[in-house]
Amino acid sequence: MYRYDEFDRTIVTERVAEFSGQVQRRLAGELTEDEFKPLRLMNGLYLQLHAYMLRVAIPYGTLSSAQMRMLAHVARTYDKGYGHFTTRQNIQYNWPKLKDVPDILADLATVEMHAIQTSGNCIRNVTADQYAGAAAGEVDDPRIWSEILRQWSTFHPEYSFLPRKFKIAVTGHAHDRAAIKVHDIGIVIVEGDNGAPAFDIYAGGGQGRTPMIAHLVGAKIAAQDLLHFIDAIMRVYNMHGRRDNLYKARIKILVHALGAEEFARQVHDEFAKGGAGDDLELPEGEIARIRAYFAPPAYETLAADDPAYTRALADDKAFAYWARTNLAAHKVPGYAIVNISLKPIGGIAGDASDSQMDAIADLAQSFSFDEVRVTHEQNLVLPHVRQTDLYEVWKQLDAIGCATPNIGLISDMIVCPGLDYCDLANARSISIGQIISERFADLDKEHDIGELKIKISGCINACGHHHVGHIGILGVDKKGVENYQISLGGAADENAAIGDIVGPAFTEDKIVWAIETIVDTYLALRKDGERFIDTYRRTGIEPFKETLYAAA
Amino acid sequence: MAQHINKKARFHSLTANRLLDGEPVYLTRSHAWSENLHDAAIADGKDEGAELTQIAAQSVADRLVVNPYLFDVDVDAGRPRPISVREQIRATGPTVRRDLGKQAS
Amino acid sequence: MPLLKDGVEITDDKWVRIDDDAALPEDCHALVTMRRWLAERDTLTARNTPIGVALESSDNPDAIMDDLGRFSLIEVDFPQFKDGRGFSVGRLIRHRGTYQGELRAKGDILPDQLHYLARCGYDAVDGDARITPAAWAEAQTRFSEVYQSTGDGRKTVLQKRQCI
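Residue numbers (our numbering), protein chains in the order written: chain A, 1 to 552; chain B, 1 to 105; chain C, 1 to 164.
Just to be clear, a hint being listed does not mean it is correct.
[To be verified] Derived lysine-lysine pairs resembling DSS-like cross-links, with alpha carbons at most 30 Å apart: (1) A:K37 <-> C:K106; (2) B:K8 <-> A:K478; (3) A:K248 <-> C:K82; (4) C:K106 <-> A:K97; (5) C:K14 <-> A:K273; (6) A:K37 <-> C:K82; (7) A:K99 <-> B:K8; (8) A:K527 <-> C:K160; (9) B:K8 <-> A:K80; (10) C:K106 <-> A:K165; (11) A:K248 <-> C:K106; (12) B:K8 <-> A:K97; (13) C:K82 <-> A:K97.
Everything labelled a hint here was simulated from the structure, so no lab data went into it.
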């Protein structure tokens with residue numbers, strides 16, 4: 001994985017000093033809150049219901065064990081012993097004190113971490129497929145290009161005061177695990193000419209108030225032109241994105257207003273003008289330099305099936321259940337990708353305690369070439385584990401409560417912090433996730449239901465990705481009472497779709513019944529191993545409307 | 001920031017976050033800031049609400065608090081009771097972690 | 001409003017802002033809106049005194065890219081520090097258009113933005129009392145390394161790594 005050189009270190013150190021200075025100026029009254037707010041947001045510091053909230057960047061969701069231990073240290077030393085992994089592969093701390101933030105950032109900088117640009121109207125964390133470099137069938141490792149974009153977008157002099165936040169996601173695989181089609185820019189690595197990587201570049205996707213699927217704006221853009229093309233999109237957006245209305249300021253609104261074709265024309269026009277006094281062509285040497293950081297680890301040559309692993313599966317039912325859902329195929333024989341579930345039944349989705357983080361750091365170091373990843377679905381991944389080690393890894397995960405065998409099943413929900421934490425929320429979301437999780441706790445039942453992605457947001461800002469849930473739940477405020485509106489048929493992968501609202505919202509005491517009814521309706525209608533989303537695509541929304549509302 | 005004030009509501013209290021550590025605080029009758037909702041002054045009507053707002057503005061300028069705002073309350077034996085779920089949660093702590101926030105002390 | 005040019009305070013700004021419907025005085029450094037420039041281009045190009053053009057944040061500099069050599073001053077409005085359009089406008093004028101005259105940012109500007117302004121081609125700032133020569137000087141040296149090239153000639157991290 002990427003390691004800072006002296007230049008990266010200098011940049012982060014100087015910026016930490018800058019922010020410390022800004023905090024001092026704020027506390028001394030030289031900056032008003034109005035002036036300080038955009039500056040603290042650019043360093044990931046929010047003001048929430050109970051306290052400040054600090055969002056630390058985890059570039060493309062990749063961490064070393066040392067970095068994970070530092071995240072544990074921050075949780076333990078400056079916060080209340082836990083952190084929350086987010087839908088942008090970052091981590092959030094809910095209780096930092098403003099006066100401690102410069103120290104937190106200084107500590108993070110010692111392991112090449114920071115909170116730069118995790119908020120504010122700038123280019124945010126570039127996210128990527130969590131199976132990068134491990135899954136078979138990948139055209140190229142998306143983290144290489146994510147790292148290149150990260151550097152280029154950090155403290156960009158022209159693009160630090162955009163109309164609104166800007167989110168980029170990258171995948172190198174035909175099966176999109178990074179939800180690229182609902183990002184401001186989504187990048188799919190494809191095979192270019194001469195077998196070199198090239199990029200299909202999508203723009204104008206997003207969720208929130210006006211969810212939209214991104215449009216293809218540039219096809220097979222050559223590798224060396226990546227920054228140049230992204231620069232063209234950014235300049236069109238910076239100059240023409242709306243500045244008059246906060247709710248209409250994302251690039252998706254601009255793309256929609258112009259029409260995808262006209263927007264693409266303007267981008268290509270700008271691209272053709274060849275930059276502005278700069279040469280954005282990526283030198284082969286720099287691509288190679290960054291690529292080297294993501295070289296495959298020193299895999300052993302192993303048989304495709306490890307006998308110890310096979311034996312453990314047969315001997316230990318609980319282990320077998322876990323292996324059934326929480327493992328993904330690795331491209332190298334004898335290895336596996338391990339998903340660490342942060343969705344314990346009845347627990348808080350995406351939260352991890354400092355001791356869990358430390359234990360996971362140890363696992364990463366001992367069993368996964370010192371690497372752990374964060375997924376946008378709020379789980380973690382150990383990307384390269386030998387099959388022969390899986391039983392031991394599982395036992396250790398089980399000992400810390402991170403081995404719930406539910407990846408991709410109904411209890412593996414995305415849940416935003418909601419009204420329990422968030423200043424923007426209209427309703428609680430965590431508790432809804434908990435009661436649904438508890439209702440469907442029976443493992444056999446969960447397996448019978450199969451793949452079903454429930455995504456819960458506590459407000460229209462959609463940090464819980466409800467628009468792209470197979471079942472999406474949106475918390476709303478109806479005359480002071482928390483209500484929950486359900487949508488069906490959303491999807492975040494390469495067949496991305498925005499869910500359809502099924503009908504009037506439900507109160508908290510009815511929401512579990514509603515989910516049960518939806519599940520039962522699916523089970524009654526499904527054919528031939530259809531997943532929920534397959535059945536929904538075949539039957540449409542009507543049968544679900546009927547069962548949910550006809551009796552009313 | 002969500003809107004917390006119902007124009008028809010009669011009683012309001014005023015809250016903010018402490019600048020240094022983000023702790024929710026409430027403006028008291030003696031114009032001090034308390035961590036406890038129990039101590040919050042109750043404004044009866046728009047004019048009294050405006051008075052609280054003015055005092056809060058001075059505290060902002062004095063760098064004690066940030067983001068002050070009025071919120072609707074009912075009066076219960078002389079004490080303010082928040083009407084919105086949001087302010088109830090803010091006064092106690094996250095409902096899903098009863099060991100954290102004000103409710104824990 | 002203190003005016004800084006190349007980090008030095010200017011107290012005798014020669015430029016006079018002329019309203020769109022006001023007559024143009026004969027012998028003065030006239031600063032007209034871009035709207036007026038475009039409407040009265042022929043008359044204005046005939047003048048042999050320095051002319052400057054003022055852009056609102058929504059103005060697209062495309063319309064004046066061919067005329068850049070005629071201006072001694074281009075002023076770009078920053079109505080609100082969050083409105084970052086001026087950064088793109090500055091780069092297009094200075095780095096794509098190779099404009100040689102004074103490029104002035106005017107309006108609501110934070111000292112924390114001066115570094116970016118300079119990198120985007122601005123050499124003059126008309127802001128509030130916090131925009132001081134010291135703030136400008138500090139902004140030029142505060143960040144010793146930069147990731148991006150803009151056309152200001154600064155060697156980027158990438159160039160240093162690749163010894164370009």
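Results for each hint:
1. A:K37 <-> C:K106: Holds: K37 of chain A and K106 of chain C sit about 22 Å apart, inside 30 Å.
2. B:K8 <-> A:K478: holds, 17 Å
3. A:K248 <-> C:K82: Holds - the C-alpha atoms of K82 of chain C and K248 of chain A are around 15 Å apart, at most 30 Å.
4. C:K106 <-> A:K97: violated, 36 Å
5. C:K14 <-> A:K273: This hinted pair is violated, its Cα atoms lying about 35 Å apart.
6. A:K37 <-> C:K82: At roughly 11 Å apart (the allowed maximum being 30 Å), K82 of chain C and K37 of chain A satisfy the hint.
7. A:K99 <-> B:K8: With a Cα-Cα distance of about 39 Å, the restraint between K99 of chain A and K8 of chain B is violated, given a limit of 30 Å.
8. A:K527 <-> C:K160: violated, 61 Å
9. B:K8 <-> A:K80: Judged against 30 Å, a Cα distance of about 39 Å means the pair is violated.
10. C:K106 <-> A:K165: Holds, at about 25 Å.
11. A:K248 <-> C:K106: holds, 26 Å
12. B:K8 <-> A:K97: Status violated; Cα separation ~36 Å.
13. C:K82 <-> A:K97: holds, 26 Å
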